[in-house]
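Using the hints provided, position chains B, C and D relative to the given structure of chain A.
Number of protein chains: 4
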Amino acid sequence: MFTKLARTKVFRDPIYGYIEVDYKIISDLIDSKEVQRLRRIRQLSGVAMVFQTAEHSRFPHSLGAYMMAKLVCQNVEGMNDISEYEKLIFQIAALLHDVGHGPYSHAFESVLGIFHEEMTTKIILSNQSEINQILNKNSENIAPDVANIIAHGGKYPLIEQFISSSLDVDRLDFLQRDAYFTGAVYGRVDFIRILRSMKIIDKKLLIRASGVNSIESYLMARYHMYFQVYYHPVARSYEYLLENIFKRIIDLKEEGKSLTNANYFFNVLKNKNDISSYIELDDAYVNGLIKQFCKSKDHILNTLSNAFIHRNLYECIDLSNEPSIETINEIKKSYNEEELKYYFVESKISGAAYFESKKSAINDIKILLLNGKIKSLEDYSPIIKGLITSSVRTIERIHYFKK
Amino acid sequence: MFTKLARTKVFRDPIYGYIEVDYKIISDLIDSKEVQRLRRIRQLSGVAMVFQTAEHSRFPHSLGAYMMAKLVCQNVEGMNDISEYEKLIFQIAALLHDVGHGPYSHAFESVLGIFHEEMTTKIILSNQSEINQILNKNSENIAPDVANIIAHGGKYPLIEQFISSSLDVDRLDFLQRDAYFTGAVYGRVDFIRILRSMKIIDKKLLIRASGVNSIESYLMARYHMYFQVYYHPVARSYEYLLENIFKRIIDLKEEGKSLTNANYFFNVLKNKNDISSYIELDDAYVNGLIKQFCKSKDHILNTLSNAFIHRNLYECIDLSNEPSIETINEIKKSYNEEELKYYFVESKISGAAYFESKKSAINDIKILLLNGKIKSLEDYSPIIKGLITSSVRTIERIHYFKK
Amino acid sequence: MFTKLARTKVFRDPIYGYIEVDYKIISDLIDSKEVQRLRRIRQLSGVAMVFQTAEHSRFPHSLGAYMMAKLVCQNVEGMNDISEYEKLIFQIAALLHDVGHGPYSHAFESVLGIFHEEMTTKIILSNQSEINQILNKNSENIAPDVANIIAHGGKYPLIEQFISSSLDVDRLDFLQRDAYFTGAVYGRVDFIRILRSMKIIDKKLLIRASGVNSIESYLMARYHMYFQVYYHPVARSYEYLLENIFKRIIDLKEEGKSLTNANYFFNVLKNKNDISSYIELDDAYVNGLIKQFCKSKDHILNTLSNAFIHRNLYECIDLSNEPSIETINEIKKSYNEEELKYYFVESKISGAAYFESKKSAINDIKILLLNGKIKSLEDYSPIIKGLITSSVRTIERIHYFKK
Amino acid sequence: MFTKLARTKVFRDPIYGYIEVDYKIISDLIDSKEVQRLRRIRQLSGVAMVFQTAEHSRFPHSLGAYMMAKLVCQNVEGMNDISEYEKLIFQIAALLHDVGHGPYSHAFESVLGIFHEEMTTKIILSNQSEINQILNKNSENIAPDVANIIAHGGKYPLIEQFISSSLDVDRLDFLQRDAYFTGAVYGRVDFIRILRSMKIIDKKLLIRASGVNSIESYLMARYHMYFQVYYHPVARSYEYLLENIFKRIIDLKEEGKSLTNANYFFNVLKNKNDISSYIELDDAYVNGLIKQFCKSKDHILNTLSNAFIHRNLYECIDLSNEPSIETINEIKKSYNEEELKYYFVESKISGAAYFESKKSAINDIKILLLNGKIKSLEDYSPIIKGLITSSVRTIERIHYFKK
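First to last, the sequence lines map onto chains A, B, C and D. The numbering used here applies: residue 1 is where the first sequence begins, and numbers increase by one. The numbering used here applies: residue 404 is where the second sequence begins, and numbers increase by one. The numbering used here applies: residue 807 is where the third sequence begins, and numbers increase by one. The numbering used here applies: residue 1210 is where the fourth sequence begins, and numbers increase by one.
One chain only, chain A, in its complex shape:
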């Protein structure tokens, strides 16, 4: 039904060796300007400030998620029964799942009140986007179907689960990719074994009992990437710094101060449906803005921006080391009221939250015994039960500028 390329295209990739593209529509989507834009948005924003080699963008990850979708189609028992069309929209959804990300995603989203999944579906459905034009040229069903998958619309529940759940192609790719680029020893995932443990019965995904330890390993690799990489205090400091820069420029704007070159940012702040402004936002744009703010006459914006560009990040105190209250009060007292708002951040990352928020999802992982019975992962695996019930590791930190 869908045109294949005369000769398949390949991308060299350190995780898979090669990523092969066989459908013309996939090749066209990769070349679209919205997917190419992902080359200009780093996957891990602040993490590169502490793991200096983690400078990779969202573009190779998007190719990787697409590749993982292909591997699911090839390796998971029962995928043969899925139609070619469904496999294709699965692969497309995997390729496009991140196109709605803004630069320095988390800080950006929290300040602008944006959700990247929402932006992804908007871009897919908007006739302003090249993606939308490519999809429609092939069939007018694809864009709404892919958007439905991204938005958990319920039309393709199995594919939805593969695109976004506690064991999806997104995570299966990024854990390994981020481990490779940070140089972290942990985070490797035996994905072929995981895929071969899966079995689809009645369009439901089950894990064979014999493969449970590969799932346990995956969940632990994930735990470690979160605590050792994604939640690293220096990476978080960088994000908070950025968040406060965004807050400051919004505050200045509200006070009526004029800021040059920040139009795209303010356009999106005003109107989340302004896709063409949104598409202009990338790391280069944000870095360019902040470099310019390094010379701002506003002392706070100037300070934050210079700190960001020249890596004079916030200091960090981990409360598990039980610092005295006096120490903290002294720090607070060193700021005036306005500074306190931007120079002092209290953060709380809950390990429990991390695991609990996924608890239902983790329990969605169903184990198929040899005798045909089905159990939840938590009931089958004592070590996972242990992780879920005891991993109440909350990280409480204070990030601040030393005066």
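Everything labelled a hint here was simulated from the structure, so no lab data went into it. Since the model is a prediction, treat every value here as computed from it, not as a measurement. You may find that some hints are simply not true.
Where chain A lies over chain B, by a calculated footprint (3+ residues, C-beta under 8 Å) [what the hints assert, rightly or not]: (1) 616 to 628; (2) 722 to 733; (3) 769 to 781; (4) 785 to 791.
Each residue gets a CB set at the ideal place from its N, CA and C atoms; glycine is no exception.
Same frame as chain A, but now just chains B, C and D:
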């Protein structure tokens, strides 16, 4: 004090890149016949039957443990205060810690009632061994001091802990090495980070709070290597088969049957101090014996030996799959009384036992907070507490010959 | 003499595991804004357009070159005789050797007539730079001594050779690093063996005969990285595109057209000693400019800029495939005179040039026989002789826009 | 036509991740006793004496060659036109290509006058072998067809080329595998790119011009594995030692001395068609014999055997270091006539021979230009021409016992 080589010797190694030898005594020990013998004893015996590339011997692991001891000396804060002599006996103990192993160690030890640590100290102290002669030529203190470390004699408690505890140079090397040679994705250990987290205060080993997650990762890597590699049903089947071959030849001997070429084996069975016979036992010797038994007139020995050589291993049923009692009874009924003794094995490996037996050891890992307080690992890390209290995963299996 | 850090700092790195910093001056230099700027300049510019994971910046490479300098000090026989001061300026020179690079270096340098080594020495010597201030705070000799090394001033010939020759710390790091980040299979270098093959006699670097094959492998790895990665037609297309964008804006400026936000660029064009403008130039700045030019009213600048941002690169014809002259003429005829200047590029990369320009340098590699005699690498190694005399592989290509 | 397994079987492998078996006949062949025997024959015999981790057997390599054959079927353009039957016998030939190897192959073959390819075809065709029975059970054509391929019988020229030529599945697997297990940095091969460069036209194998550099890299990786690993002086010493042990026992036999336990060896010496004796020969058998000879009353056999077991290998002088003739004469004079025969070995390995003997084969590699023309590799690639014409690197060495 101890002679250094004019030019250091290096061994290429996939884990460390190069292993460098600088002292002449180390170089001589490596060339001794007892250490060279370790080239003829596989590290993982039965595991190679399921992970076909895990064919490595104990020799590169011994070099690796020595290398890890050197890395401890170079990277752990406080090791500078240890004398050159103590560092040297530490490195020697690491190099020699496995010389007492017999071929196919576990099956061998359980049938012959031998403990490899005990044999190691005997070999180090016996004037029949080249090792002993090399050590004495340098200083007459070394042999008893190294033996004291191996035997937990209490003279060098810090070194003992590095040689044999839940976080020792043995494990730090073999987890990674076994992962490399099986091709397992898990099992990698960030050993430099672990070593840099350690700090020696008053000859006691402490772990800085900031390094706890590298210890958590190490313990999980260990958990997975146990459950996915070392306890793999096929590997266990192979060990039980070997154990039953040993048992059968002992039984036949007791019945007065003569067995050619098995003298070294029976010598050791009679006298555990017969070091020179013990040294003759290696994989080639055992394989040679068993290949010869493939033509034995004793039906059971013949069957077991052919199964071993041509890889017709026991079938395995994992009881967690809840097989019916009838199935099991039927299997049992298919054997006569004598066959039942050799053809049917009930095994129980306790995950709890694994973790609990190490529990005290794990609690020996002491965490140093930034404020100077000390906590046990279990108290500091909820995830480790979870592992210890909930990992009651017991593996119960039946291994048997299908008739 | 130079202050050491109370506790060494480490950077996780996929090539070396960890990069350790022990001197305070090194740590301060890493935090300087000129070194931090290297985070914003990609190591391989256009290569990421074809090897999409090669997105790494010059910053981790600079740390890597510093690490390689430390490894030279630790592993090369005879380095013990070098003073602490010389070792330190060697390590500093390695760390700083790339600070003079502009964004998208080659295109940039060729259009602006800049040499990055020259800019590096200017930055080191200029009292406008943080680097200069840090160096002077420690000793006023360092800045001129390091600049002398970078500029091949002849004061420290051995260190010069390690910093810039056919076998220097720069290449030893980047070949491996670029292989890792492209995912290329070739390009790995057994650097420890290379370093252990080196011997310094009378401040001259020699290679032991026993280590020649590691040098051969290194030269071949280099050959392949050049032909498979650095000279890849797509990567070159991207560079030519950029070069033509730069040329166009210079031409437009000369025609008196005004271009907003391009001040730093024109400042440097006017005055190569304007270090503070130069420092502002980085990838984000160039990308920001080009993104803005995507909306330029000048048709050519608009076309080139959109091609650059949305990856509609030049097509490429390799003349070794012997295309007909008509084909090429037809392409040329499709442009008007002005387009021809920007849309059609004839390129010639000479393999011979690559090897020959290094020929003298390669012959600088001197081999030390066991009997004490010294030979040139070319005389000792027939395979290298073969490479030098026969590798006249010239790549001739045409890059053009399809109309 | 051929039965597929209900569920594919997988083998974990460090080179490919997983090796998947889908046909029942392949699975049965892997379990045959002749293939299982390859677990007891090391791939690289003496190499493990210098690269101590290169202890891998021929069994994983045989699986690897089979996997590479599957990858050829999946990746090479034009393989779709080959019938299922031909693909299957290709994969079977790849799996079985080494079953005729004896223990410590090269020494063994040269003394016994055996060629392993010949023994492989004998085993495949002999009704004494399990392999033969398995093949015949499926179709009586397979055994002769596979034997024809191994013996270069000309019935399937394309498959013959993939099984044994300068670019065959054997080499494509072992170069990487041996690099992995030695820990060598060089020897990696971008096999997917090589396979994707291949194109079959009229049952002839061609290489696209665009892929030539991957072939160049492969040939250089091969060059380096030969000179750095396979020809390493210590590895060669070990082989010569073994060869001389074999020679000595043949000489003793001829002198009428009796030697216990050596029957299988002498059976094969007498009759090369005695497959069942041949099959009994493996590393354990040879090691067992030699360990027994360590107590031989014949001084020479005793000396050689102890040297072999306890690694007192021959010393080695490389003549390229230009030792004086007196030195060599002195060594010779230290032996009596009989000792000279066994204790002094002159060896000559010709790099030219290595490349020249393959020269025709290398010229069999045909390059397909974009315009449809075909050139020989040598004519297309100056660097290969350089290698062929100049790589007359002959290694001349003397191996001897120091007295």
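Hint check:
Remark: the stretch 616 to 628 of chain B is confirmed as covered by chain A, as 8 of its residues place a Cβ nearer than 8 Å to a Cβ of that chain, reaching the required three. Residues of the stretch 722 to 733 of chain B with a Cβ under 8 Å from some Cβ of chain A number 4, which satisfies the need for three, so the listed coverage holds. As drawn, the stretch 769 to 781 of chain B meets chain A at 4 residues by the rule of a beta-carbon pair under 8 Å; at three or more, the given contact holds. Restraint check on the stretch 785 to 791 of chain B versus chain A: 5 residues with Cβ-Cβ distances below 8 Å, three needed, restraint holds.
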